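Novice: Each chain is listed here by its residues.
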Amino acid sequence: MTFDLSILCKSTLEEEYSPICFGETFQPLLIGINDQTYLDWLLKAWGWTLSVSIIGLILALIIGISIGTLRTLPGKSLIGRSSLYFANCWVELFRNIPVLVQVFLWYHVIPLMLPFLKSVPSYLLVSFALAFFTSARIAEQVKAGIQSLPRGQHAAAMALGLSTYQSYRFVILPMALRIIIPPLTSEAMNIVKNSSVAFAVSVSELTMFAMQTQEETSRGIEMYLAVTVLYVITAFSVNRIMGIIERKTRIPGLLLSSPSGAH
Amino acid sequence: MITKKLTFTPTSTALVGLMTTLSLFVCNPSFANSTLEKITNSKSITMGVRDSSGALSYTLGDGKYTGFHVEICKRVIADLEKQLKIPLQTKYQLVTSQNRIPLVQNGTVDIECGSTTNNAARQKDVAFAVTTYVEDVRIAVKANSGITSISQLVNKKVATTTGTTSVQLLRKHEKANGVNFEEVFGKDHADSFLLLESGRTDAFVMDGSILAGNIAMSKNPKDFKIVGEILNTEPIAIMLPKEDAEFKKFVDASIIKMMKDGTIAKMYQQWFLDPIPPKNVRIGLELSQNTKDAWANPNDKPAEEYSKK
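For the protein sequence lines, the chains are L and H, in the order given. Using this note's numbering, the first residue of the first sequence is number 1, and each one after it goes up by one. Using this note's numbering, the first residue of the second sequence is number 1001, and each one after it goes up by one.
Bear in mind the hints are in silico, worked out from the structure with no lab data behind them. All of these numbers come straight from a predicted model, not from anything done at the bench. Hints are not guaranteed to be accurate.
[As the list claims (entries may be wrong)] Label-pair restraints from in silico Cβ distances:
hint	chain 1	residue 1	chain 2	residue 2	range
1	H	L1084	L	L5	43 to 53 Å
2	H	D1125	L	L225	13 to 23 Å
3	H	P1278	L	G75	50 to 60 Å
[Said to hold, decoys possible] In the PhoX-like style, the derived pairs of lysine-lysine whose C-alpha atoms are separated by at most 25 Å in a straight line are:
hint	chain 1	residue 1	chain 2	residue 2
4	H	K1308	H	K1175
5	H	K1279	H	K1142
6	H	K1260	H	K1248
7	H	K1142	L	K118
8	H	K1248	H	K1085
9	H	K1248	H	K1219
10	H	K1257	H	K1292
11	H	K1219	H	K1249
12	H	K1292	H	K1260
13	H	K1225	H	K1279
14	L	K118	H	K1156
15	H	K1085	H	K1038
16	H	K1091	H	K1308
17	H	K1082	H	K1043
18	L	K44	H	K1292
19	L	K118	H	K1157
20	H	K1219	H	K1279
21	H	K1074	H	K1260
22	H	K1242	H	K1225
23	L	K44	H	K1172
24	H	K1156	L	K44
25	H	K1074	H	K1279
26	H	K1219	L	K118
27	L	K44	H	K1157
Glycine included, C-beta positions come from ideal geometry on N, C-alpha and C.
Please model the complete structure; the sequences and the hints are all you need to start from.
Specialist: Below you can see the structure in the form of structure tokens.
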């Protein structure tokens, strides 16, 4: 079989090849064609994958940490118990539905009940779906992190006269979050890979690029290879970034000093 | 050009991609022995079929396949039995748009009876029998929308399916006419039709047979209609191994015989106008002029020849 990556330099409209492989992106520099090439499209698709993943991850972290914290609150009051109940429901709901199904629910079903969602761009809906799915998993990890701390930490914070909020903010969460950086790394990498479901609701990210271009160009192997390489690069970068965060936030002498790097 | 398997998760897509890659590396693409010799020796022939390519090739479940192209192939195989004077066992091999070409190239599939567009790029890898069906790309809209032409779709939402040539067609149309559509990509035809049905898009641009099939299967077929100019024309043909002139000659002769004696017209009536199994609904797609022309002058011209007109 032949293996020809030059297909990426081809215009997506005509049978022409761009001399520098970029058409649209460096349009002013070109004398020849200025149509989009497959390489332009690939990079744009990568951009969509990154955007959906990053929006999803940020939301997932915020929601996940909040829900995870709620699940460990000692409250015996009505508010305490109902927030615990809410957090438990949240986790069980979003953890037990496949992510592709959640994407469809957000795109096809929920807008039928809440018509204003129809005007929300589909990449945001996918980001929400990914965020909620991942938040349930992060919440579990946060809960596990908090529960792994010795009980004395919380008691000591109380003894110092800190309120529940203060004890979480200044004592418990800073330690728990450091402990769970390795599993969080996995979640951050997972969200990049899970973002491939976005193709199903018309976000032209990497998976859609591969499916569409292998049909247009009949060069499926090259296209899937290019996409695979970008997924690997993205996921591995996330892994390294989390590794750096883990090292930078490490407190010397604390029991949580796992040797180095994340998962 | 009907190119999508129905339920496609990203994982399975990646898997198919990977398997296609592997099959290409492992198997030798240059299949030296003649197909007829292989069929004679093994007393069997492997037919490539699709599971949901409209009325052209689909499954009834339980390993049974039927459709316009599958039935044509069955007749070709019957002719082959007469010619070789031996009974042949027909094996069915389900193919997808991702693996159909590699499987024909490496000799797993002897004759692919699905819904493959004959185009110049594919002719480098495989051969095609004479064109048996010509697909027109059309627009489906809601019957009460008042849209009658593609020019009315400017700046409106248009659904089409990922992994089909219609996506590229819309892009080219935008560039050529300096207009813009808001494209929404369904993951499969059923999904794209749902976009139109639920009002998320104003139109669905796709092969006429798929539009007709989806409308026929919908809750209220009268709510939809197919309108506007023919946006593109693509010859759909039965796919054969490349560089096996003897086998192609035989298949062509068998199909041309059906075209000349009117068998193929009767089969068209049966699959596109009469109720078809398993649900006994009518596709209701009238015979197009392009298909009539292809039957009157049998040829294996690629899609590029059609778009020149």
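Novice: Can you give the numbers of the hints that this structure goes against, from lowest to highest?
Specialist: 9, 11, 16, 18 and 22
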